[in-house]
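**Q** Sequence:
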Amino acid sequence: NLIFGHWASLGGKTGTSNIIAIDTGCVWGYKLSAFRLEDSRVFSYDRIN
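Residue numbers for the sequence shown follow the UniProt record's numbering, beginning at 1 and rising by one.
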C-alpha cells in the first residue's frame with residue numbers, strides 16, 4: 001500500500017485500492033482524515049472552526 005497526503009484536490013480518492021490519499025481538505029473547510037495501519041481503516045472527521 002501507498003499512503004499519502006498533501007494533495008487535497010483529490011478529495012481522498014485515488015481510484016486504486018492500494019493507494020490511499022488521506023488529505024481530504026481540512027484546511028479548505030472539508031474533513032480531517034487519518035489512516036489506521038492495523039486494519040487499513042480510514043477515519044474522517046468534520047472540521048472544527
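Keep in mind the hints are simulated off the structure, nothing from the lab.
Note that the structure is predicted; figures quoted are calculated from it, not measured.
Glycine included, C-beta positions come from ideal geometry on N, C-alpha and C.
Mixed in with the good hints, there may be bad ones.
[As the list claims (entries may be wrong)] What follows is a list of derived Cβ distance ranges for each label pair:
1) F4 - E38: 32 to 42 Å
2) A34 - S9: 18 to 28 Å
3) L37 - W7: 16 to 26 Å
4) N49 - T16: 25 to 35 Å
5) S17 - N49: 28 to 38 Å
**Q** Of the numbered hints stated earlier in the document, which are not met by this structure?
**A** Checked against the structure, the only hint that fails is number 1, while the rest are satisfied.
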